[in-house]
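*Asks:* For chain A, the structure is supplied; the task is to place chain B with the ligand on it using the hints.
Residue numbers (our numbering), protein chains in the order written: chain A, 1 to 512; chain B, 513 to 720.
Careful, some of the hints might be misleading.
Unchecked claim - Lysine to aspartate or glutamate pairs mimicking EDC-like chemistry, simulated, CA-CA at most 20 angstroms apart: (1) A:Lys304 to B:Glu615; (2) A:Lys221 to A:Glu319; (3) A:Lys318 to A:Glu219; (4) B:Lys628 to B:Glu684; (5) A:Lys304 to B:Glu649; (6) A:Lys221 to A:Glu194.
These are computed hints drawn from the structure, not numbers from a lab.
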Amino acid sequence: MPMLPPLMRLRPSVSPFLPGEGVDVASLSEARPGRIVDLANGDTLALEASLVRRTIRGRTYVMYAFNGQHPGPLIRVSQGAEIVVDFTNRIDLPTSVHWHGVRVENRYDGVPGVTQDPVQPGGRFMYRVRFKDAGIYWYHPHHREDIQQDLGLYGNMFVRPLAADYYGPANREEFLVLDDLLIDDAGLFPFGEEAATHTLMGRFGNVFLVNGEPDFGLEAKRGEVVRFFLTNVSNTRVFNLSFDGARMKVVGADIGKFEREQWVSSVVLAPAQRYVVDVRFEGEGRVALTNRIQAIDHYLATFKPRVDTLAVVAVSEKEAAEDHAEAFEILRENADVISEVDRYREYVDRAPDYELELTLRADDLPLTIKQMMQLDTLYFPPVEWNDAMPMINYVASSRELTWVLRDEGSGAENMEINWRFQVGDAVKIRLHNDIRALHPMQHPMHFHGQRLLVLAQDGIANDNLVWKDTVLLPTGATTDILLELSNPGRWMAHCHIAEHLEAGMKMVFEVE
Amino acid sequence: MRESTGAGRSSGIRIQEVMVRRSPLFITASLYSAVPILAVAVLSAPKIGEPPLTLPHAPPGSAACAAVAPIRIEMTPTRRAGGASAVYEMRFSSSTFGVTVSEAGHYLYDVEVAVKGLPEKTGAVFVAWVATSDLEEWINLGPITNDQPIAGQVGWNKFIVFVTAESASDAESWSQEFYFSALSPSSRMHTMLGHGPFSSEPCLDPRN
Ligand SMILES: [Cu+2]
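This is chain B alone, in the form it adopts within the complex:
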């Protein structure tokens, strides 16, 4: 479906290939072909914890039956964040089909990042980002404050959400001053390789 702008206090950011920045290292849009470098990319990325998926909250009018959306994910703070906390929520962008995907089949989510208890930092603004898990493409969602969450739309298979301190809110790419980060649920997909019945299956069939 046509990609729509994010909801709520969105910075109006839309996921369109043209608006997404790509690093010079960008090789291919295919995540599959990016797999071999994925592990390296994640290792060199900011340290990422494994935050628990917070369980469902109920939609309006519900008592017994809990909804799983929006998915609410607590972000892992760095030491810089002090006692501050951050969460991001994601839900399907609006669509008439019950499932929201782009023409290429990527799920389209409205993502909203909120922080609480961040200290003032003179000469700096806090900026929320979303990047593909290989860190080859990213979006500056915009400035974020304790009172003002920031929203945008994400259409990547796997991604990481993070908050940094920057000298300007429209920074082209992030500094290394990380405050929070969290993976998309899809980034946590488990590989079967080396587990259970596959523990003694070292070789991959290239046809599959």
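In isolation and in its complexed conformation, chain A is listed as follows:
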């Protein structure tokens, strides 16, 4: 959207915020690339959030990091292990650490206001994290994550499965953390101090980062099968990822494996989601990891194809030590997953126990913006892949609009909702993403502390289930999920677009 005078005059109703006010950038240590930390049952990890100096394409910024690393250390453990994380907050904001997707004990879930008080600057908190399920997870703050997570506070956790043949054979494993950062000529684009900006669509970045790097590179041998663990830590961007010219099969998602492996030509990865894909690099050469979208230009009412290269895999002429070509061709069926989810299949045809509507209230937006939003009501794309209205998005702070989860049964909204369950319950929840909202948008809905299955979307049953913790609802979608209540406590459910969370899109459910 062109920057036009009527919009240029608009400013958000909050003060600009960037970290490290008054701090000499030169006095900060430069962030280092993330490292893998192997931990055994009973180990303690000292984790510190601090200010770092970060140089990206020759320019220097003040950002945040866990243990001085971008991304934070990759915590690698075996399934069933329990670790202690001795966390210290050395940033200039209160914070906390949430162990996304891990079924931790409730008091260690890291949600200020629900499971703990925020950790003040200089403060500490001891987390005890038990890894019940194999899979790929990530940790991040749960306090103003629109700022903190965006500025580098994120890291993976990889829980090695107990069974050696849990996944098919691969030559090696790679962990890719995908992000984007918003930078303009003046530096990092400021955040809102009192409240989040960009609450309409979330803050899209214009610099893509893979494992914290704008030009991430990997090496592979000819014929290698590489298992990629993909995590989207961006505030709002949904990626459509592919490895140009390399075949890819999707093996697992948030929490474990699919019932059946599947060939895919791209992976749609929403904020907070993870997918596990096996990719075989057949010939020598360069293979780009790209994000390909059909971006919308609202001004002209057109789609524009857009391709961004996020990383490059240099495939050498050297052959892989072990050839897994044959096994790669086989799409495995996972009997363990099938039998585990079998008991929930009957829920597909049942009426939902709860219905949640996802909608927007934008009463106090400037009239200029309201006019524009009301002009375009004939078509809403299922996904906003790019920020097609950056100024409008920017000036909309959480003071002017509220994203709403409404319990259709009681009429209660957001934090007024208090669902109560018993451990051992399984409930079917119908999520409905209201297309009649002033500006409807996709929402990646995350449920803390439990596992869920996506049973159906728009009335069509899902025939390949996988345990998840975050489900993407395209605009207008009606998605049925099965929430398995296995973990007692007061838990949050919310949209994982950081700015939507800041704009109210959250609720609590209690498991006794």
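*Replies:* Chain B with the ligand alone, transformed into the frame defined by chain A:
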């Protein structure tokens, strides 16, 4: 994701670039660069109405909460259609990701066209088509009758669905004997140009 075949009584048509016919006028796959000719193309296309988007019907098991998918669109009849009616429905092709797109990022939809009350026409078959809105690419979905809807998969940003009478069901391109047509919802996307705060903004910034 890998593009899958259409569901149901599909004619087995898949959207793959190779299977799509392109007219000799085809310049580029980019719809953006096709914008200047779009208006002309639509004007020369069969007359298209603005059918109302029928509102949601509920998925099984639902009472209170309506689904928006499948999107059901009533098609605009020509005078030839007499009292006949047609609708097309579109829903995401199946995918594990909640959103179904091709590698290039085009949404992939299963589209099903159904007609009711069409009179017999000797020596002719009714054929359903889908074309890009610039009419540069199209797919013959297959023959359609009052008893037999036809389905296929569409992966274009903007498209038009229409029904014509042809001498053979596998016609390469359509005759001018139109019966019904309707736009994709995306074709109805509104331009901001000339509206509201932009009414006095005649120039475009080429960088955007
Ligand atoms: Cu949201």
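*Asks:* All hints, please: hold or fail.
*Replies:* Against the structure, the hints:
The suggested pairing of lysine 304 of chain A with glutamate 615 of chain B holds, with an alpha-carbon distance near 15 angstroms, which does not exceed 20 angstroms. With a C-alpha separation of about 5 angstroms, the suggested pairing of lysine 221 of chain A with glutamate 319 of chain A holds against the 20 angstroms cut-off. This hinted pair checks out: lysine 318 of chain A and glutamate 219 of chain A have alpha carbons roughly 11 angstroms apart, not beyond 20 angstroms. Restraint check: the Cα-Cα separation between lysine 628 of chain B and glutamate 684 of chain B comes to about 25 angstroms, which exceeds 20 angstroms; the hinted pair is violated.
Between the alpha carbons of lysine 304 of chain A and glutamate 649 of chain B the distance comes to roughly 17 angstroms, so the proposed pair stays at or under 20 angstroms and holds. As the CA atoms of lysine 221 of chain A and glutamate 194 of chain A are separated by approximately 50 angstroms, the hinted pair breaks the 20 angstroms bound.
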